[in-house]
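Counting from 3, one number per residue, gives the positions in the sequence shown under our numbering.
Any given hint could be a false lead.
As the list claims (entries may be wrong) - The calculated lysine-lysine pairs, modelled on DSS-like cross-linking and capped at a C-alpha distance of 25 Å, are:
| hint | residue 1 | residue 2 |
| --- | --- | --- |
| 1 | Lys48 | Lys21 |
| 2 | Lys191 | Lys204 |
| 3 | Lys133 | Lys102 |
| 4 | Lys5 | Lys48 |
| 5 | Lys153 | Lys102 |
To be verified - Here are the in silico distance ranges between beta carbons for each label pair:
| hint | residue 1 | residue 2 | range |
| --- | --- | --- | --- |
| 6 | Arg76 | Lys102 | 29 to 35 Å |
| 7 | Pro83 | Gln210 | 26 to 32 Å |
| 8 | Asp82 | Gly184 | 34 to 40 Å |
| 9 | Thr187 | Gly106 | 15 to 21 Å |
| 10 | Arg162 | Gly106 | 19 to 25 Å |
| 11 | Gly211 | Thr24 | 43 to 49 Å |
| 12 | Lys119 | Pro156 | 19 to 25 Å |
| 13 | Pro54 | Phe157 | 21 to 27 Å |
Don't read these hints as lab results, they were simulated from the structure.
Given the structure is predicted, the values throughout are model-derived calculations rather than measurements.
We put the beta carbon where it would ideally sit given N, CA and C, even for glycine.
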Amino acid sequence: MSKIPSFAEINDHLLKDNKPSTYLIELDQLGIFEREYPFTMLGQLKTTPQNPVHHPEGSVWNHTLMVLDNAAERRHLSQDPQVFMWAALLHDLGKATTTKERKGRITAYDHDREGQKLAEKFLRELTNDTKFIREVAKMVRWHMQILFVVKGLPFANVKRMASEVSIEEIALLGFCDRLGRGELTLEKKQEEERTIEKFLVKTLEILQGERIVKEKSNE
């Protein structure tokens, strides 16, 4: 393993390892995340806290490692495993700069939007593949929509999301994200599966409603 990892080296581990977290922990032990840019962007996640109610696993870094391993188990289901795995790695970069304590509660509002910018910045240091960079960044941008859509929050924007990413890919990433929360019981995992199903049903209903309105306006 090289001292400063290349895009190709990381990519290889993301696409082939059963547990990519092992590789990242090895990099961490070499001090890569403390001294080498852009990897310091990931290093910041080690000291970024999360709401313990929703994230008993602790820091954003711990969460990221768990999400990554869950994603590795399911990357064969992805339409684009490379984009999917890099999105899993970078999905919460935005929490490093948006995490704050408000009224005794840890929040990270807009970390999805901030994360899109940071993911682009991170990847530009490693690759010149602009299409790939955009695709990963868009996945990061929309990964919180599952929560917004299912709960009917005003931050939901299904029409725009569907114009930029695959709904099924976001659902897959979101499922891995929701599984990366400490030790989950079978019941809790099944609950998360039902949440993803609700998301897919609601997005379909919203998009069909949009089409009907558009068709009527064109009559």
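**Q.** Earlier hints that do not hold, by number
**A.** 3, 8, 9 and 10
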